[in-house]
Amino acid sequence: MATDVMATPVAATGGKIKSELMQQRVRAARWFLLPMLIALAVVAGWPLLRSIYFSFTDASLNNIDGAEWIGFGNYFRVQQLASGAVRYRGLLVDADWWNAVWNTLRFAATSVFFEAVLGMVVALVLNAEFKGRGIVRAAILIPWAIPTIVSAKMWSWMLNDQFGILNDLGMRLGLLSQKVAWTATAETAMQAVLVVDIWKTTPFMALLILAGLQMVPKDIYEAAEIDGVHPIKQFFRITLPLVRPALMVAIIFRLLDALRIFDLIYVLTPNSSATKTMSVLARENLFDFDKFAYGSAMSTLLFLIIAILTIVYIWLGKVRFDGGDR
Amino acid sequence: MGATFDLWKITKTTLFYALVVVIVVVSVFPFYYAILTSFKQGTDIFRITYWPVSFSLENYQSVLSQGSFPRNLLNSIFVASVTVILALFLAVTAAFALSRVRFRGRGFLLMVILGVSMFPQIAVLSGLFELIRALNIYNTPWALIFSYTIFTLPFTVWVLTTFMRDLPIEIEEAAIVDGASPWVIITKVFMPLMWPALVTTGLLAFIGAWNEFLFALTFTSSNDTRTVPVAIALLSGGSQYEIPWGIIMAASVIVTVPLVALVLIFQRKIVSGLTAGGVKG
Chain L
9 MATDVMATPV AATGGKIKSE LMQQRVRAAR WFLLPMLIAL AVVAGWPLLR SIYFSFTDAS
69 LNNIDGAEWI GFGNYFRVQQ LASGAVRYRG LLVDADWWNA VWNTLRFAAT SVFFEAVLGM
129 VVALVLNAEF KGRGIVRAAI LIPWAIPTIV SAKMWSWMLN DQFGILNDLG MRLGLLSQKV
189 AWTATAETAM QAVLVVDIWK TTPFMALLIL AGLQMVPKDI YEAAEIDGVH PIKQFFRITL
249 PLVRPALMVA IIFRLLDALR IFDLIYVLTP NSSATKTMSV LARENLFDFD KFAYGSAMST
309 LLFLIIAILT IVYIWLGKVR FDGGDR
Chain Y
72 MGATFDLWKI TKTTLFYALV VVIVVVSVFP FYYAILTSFK QGTDIFRITY WPVSFSLENY
132 QSVLSQGSFP RNLLNSIFVA SVTVILALFL AVTAAFALSR VRFRGRGFLL MVILGVSMFP
192 QIAVLSGLFE LIRALNIYNT PWALIFSYTI FTLPFTVWVL TTFMRDLPIE IEEAAIVDGA
252 SPWVIITKVF MPLMWPALVT TGLLAFIGAW NEFLFALTFT SSNDTRTVPV AIALLSGGSQ
312 YEIPWGIIMA ASVIVTVPLV ALVLIFQRKI VSGLTAGGVK G
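Here the protein sequences come in this chain order: L and Y. In terms of our numbering, the first sequence is residues 9 to 334. In terms of our numbering, the second sequence is residues 72 to 352.
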């Protein structure tokens, strides 16, 4: 954090009074923080611990209180069949789970990559001065403001196989030879989800990148212009390095969001194993299949996977949340 | 020489504006098409048109008169408002402590708060479910208000902290010299300056709570207690093949228009609030 911007208004007064005042402020600060910390512990800390605990039990939806500790059984166990053959069971050898992990990672990487590239394009457009800039900025806020469920419904109507406008448009323009069931076909379901997600969240990325772009001093470009530096070279040598801190933070925010995706897929492509993500599968096990403990194991593993990816990203990318070098 | 230069310039300008048009059309078209569909009547819905051909309020009438949709709207308004007010109430004092008082462990605390706001909600779902049933608030709006605090509170604390950090030291000095306590400083000195920040943060948190789906789907189970996103997701016709697209689009437009209006009115504030929560934060 930017501790240097800290308010130290009592610095001018004498040493003794100063330290007394500081102590008073620190004491007050403790009391001010307490309600928030208690609230967070109750709504986040405790449920997280309980969820992890449930993953080591045999809890079921109707018998949560009577859950008994069974150790790592939900994650991995060896089963000896009557015939003497040995079977491995549990989450770590569950093909459905690893399919969901792969779907989630593929979705997160692809969507965030396209959002970063398109967000950069939109941000560069908005950073230029032209007539109607206000309209563009207002327009890109619309996808961001629309609830995810609503955008999922809107797009599933547009992507409808028989009456969808996108099939109609594609055939009129000669891009499609026949109507495609975008959300129902295994090959295209993921693409459909990606298109909707990229449409909805590119504005967020663009606004964050734009905030970074606006910090770049204009005279750098003027100097580059005089030296005859090609615009594309200007972008890679000046813009990109200077925007990098903002971009890295925007990417991690989006990445964390993409890794926990649930609502869009739940509505747009229900029951498609081609798009089922970790969150969707975990909730299905928790509440629809009555495998409460197994679902808890999934959510625990999901938490671990996301935590590890985040730490690796922050470490490799040297991300600083105070906005870099400013 | 001059002529070729002009030609190059014209091409560049044309390409630039073509890009601008593409961005605007792609952003707006799905919403436009939802509005278009929502005003179509009966079988017109299955005739694909790019411009309005007929105008009927039939879909709006049926979504508002039958079923529990009006009730769901009220639920959403109630849940989102109470969640935001509670979060702001807890966040103002916490943000003061985090932004204007130097104490050990502050940086760590801020990282924890950021971590919680970025939390995968599914990771706490089973624990929350147990807690909500134990508190006897399952299938009530309070279950949602309770669970939404997990993302609204850290978010509001975070954004308000960045806002307060940027306020100049001088405004506090006079109050401290006069011997004002930190509580008086917050209520008398900071609050009047904080209104724009509170409105922006509140609005962003409201949008988050309004749009939430996973908790709402899990912690409510009857038509009367659902919020609008869940109601829209579960709107269905007689069979799998009779999805009432007109009604779904009308409901979608009703839910979205107030949000889009608010966002466009508070455009500048929202952009600064988002970037405070993102880039600076």
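The hints are simulated quantities; they were obtained by calculation from the structure and are not laboratory data. Check the hints yourself; a few may be wrong.
[What the hints assert, rightly or not] Lysine-lysine pairs mimicking BS3-like chemistry, simulated, CA-CA at most 25 Å apart:
| no. | chain 1 | residue 1 | chain 2 | residue 2 |
| --- | --- | --- | --- | --- |
| 1 | Y | LYS340 | L | LYS241 |
| 2 | Y | LYS83 | L | LYS226 |
| 3 | L | LYS326 | L | LYS187 |
[Said to hold, decoys possible] Among the chain L residues that face chain Y by a calculated CB cut under 10 Å, a handful are:
| no. | residue |
| --- | --- |
| 4 | ALA67 |
| 5 | LEU202 |
| 6 | SER281 |
Glycine included, C-beta positions come from ideal geometry on N, C-alpha and C.
We went through each hint and held it up to the structure:
no. : hint                 : result
1   : Y/LYS340 to L/LYS241 : violated, 34 Å
2   : Y/LYS83 to L/LYS226  : holds, 21 Å
3   : L/LYS326 to L/LYS187 : violated, 47 Å
4   : ALA67                : holds, 8 Å
5   : LEU202               : violated, 15 Å
6   : SER281               : violated, 18 Å
The structure is inconsistent with the numbered hints 1, 3, 5 and 6, although it conforms to all the rest.
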